[in-house]
Amino acid sequence: MALVLGVALAVGASGHQGPPTPAQRAAAIEADVRCPSCEGISVAQSSAPTAAAIRTLVAADVAAGRSDGQIEAFLVGRYGPGILLRPSASGGVGLVWFVPMVAMSLALAGLGTVFWRRGRSAAVVVAVDDEDRRLVEGLLAQRRARRRPGANRETARRHG
Amino acid sequence: MVVLVAGASLVAVLATRPPATATEVDTPLLGQHAPLVDGVTLAGQRFSLSSWRGRWVVVNFFASWCPPCQQEEAELVTFAYRHRAPGDVAVVGVVYDDTAARARSFLSSTGATWPAVGDPTGQIALDYGVRGPPETFLVSPGGVVLVHLDGAVTAAGLDYWLHRAAAGSK
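Protein sequences, first through last, are from chains A and B. The opening residue of the first sequence carries number 1 in my numbering; numbering runs sequentially from there. The opening residue of the second sequence carries number 161 in my numbering; numbering runs sequentially from there.
Mixed in with the good hints there might be a few duds.
Derived Cβ-Cβ restraints for the label pairs, each shown as a range [said to hold, decoys possible]:
| # | chain 1 | residue 1 | chain 2 | residue 2 | range |
| --- | --- | --- | --- | --- | --- |
| 1 | B | A316 | A | V102 | 48 to 54 Å |
| 2 | B | W274 | A | T56 | 24 to 30 Å |
| 3 | A | E39 | B | R324 | 29 to 35 Å |
| 4 | A | E39 | B | A316 | 28 to 34 Å |
| 5 | A | A107 | B | G167 | 51 to 57 Å |
Covered stretches of chain B (in silico footprint by chain A; criterion: 3 or more residues with CB under 8 Å from a CB of chain A, positions within the stretch not fixed) [what the hints assert, rightly or not]:
| # | region |
| --- | --- |
| 6 | 187 to 196 |
| 7 | 279 to 286 |
| 8 | 290 to 299 |
Far from chain A, by Cβ distances over 12 Å, these chain B residues were calculated [unchecked claim]:
| # | residue |
| --- | --- |
| 9 | L164 |
| 10 | L202 |
| 11 | S208 |
| 12 | Q230 |
| 13 | A260 |
| 14 | T273 |
Quick caveat, the hints were computed from the structure, so don't treat them as lab data. The model shown is predicted, which means the values in this text are computed figures rather than measured ones. The beta-carbon is built from N, C-alpha and C at its ideal position, and this holds for glycine as well.
Construct all of the structure, not just a fragment, from the sequences and the given hints.
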């Protein structure tokens, strides 16, 4: 069942849609351009005169064969980069996206290094020589002897 | 004594500030050649901004329904009268989302005598990056946009920016 669903999703997502029509292109651009005289809505959503003028411009430029970049560049050249609802990833604005990702990556790498070093230090084996072994075995033997029942009486009898 | 000096300093600072409700806007057009203002005026005559190359020009986007436009119109009339000498700074209006009849009536009621160009498709406003009236642009004799003002201007304010722009362009 899961396999069938997966295949169906893959086919649906990769379905052949073809290039966008001029109307679709214009609509997509209009959805990305802020209405200059409004608050936070696109020219596609606004009935303001400036929004209508921009829609007219976009439709004419799309029909004239200009690319999305050219159309947006014209509007940015008139209204500034804030005219686009989608922030640019280039220039200084790109740092807003880039810096947090780099900082997060460095933080994760740092944490990983700290945990790795702690793990290594816990696993460090100290070299033990024969004298250390004899010392430890002697101490262990004494402990075993103290734990055996009657060990004290026997010890006392031997040493009278 | 300290209070007197502080007061005098405050007065000096305030006296040199541009006395206008309009705010100067930093837009990509500053320092660029002024977009075309070509069209038919409310008086039915052809107009082209390029025909005024060689003199300072105030391009004023307005509408009859816009309260700040109503507020600044008398100031613009005063400014235009002050600079009425031939070759002095000129004013041209651009109608923003308004009917010709209402715009004409608005200008005549305030005594404005400068040409006002119709912009029925909003293309001129788009070319200038206008968000909404009133917006005013100061164009140099060389045809470069030097100042962009948002809001109601005053005659004194326009004189201040004109003087500053002229000094900066020397």
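Original post:
Which hint numbers doesn't this structure obey?
Top reply: none
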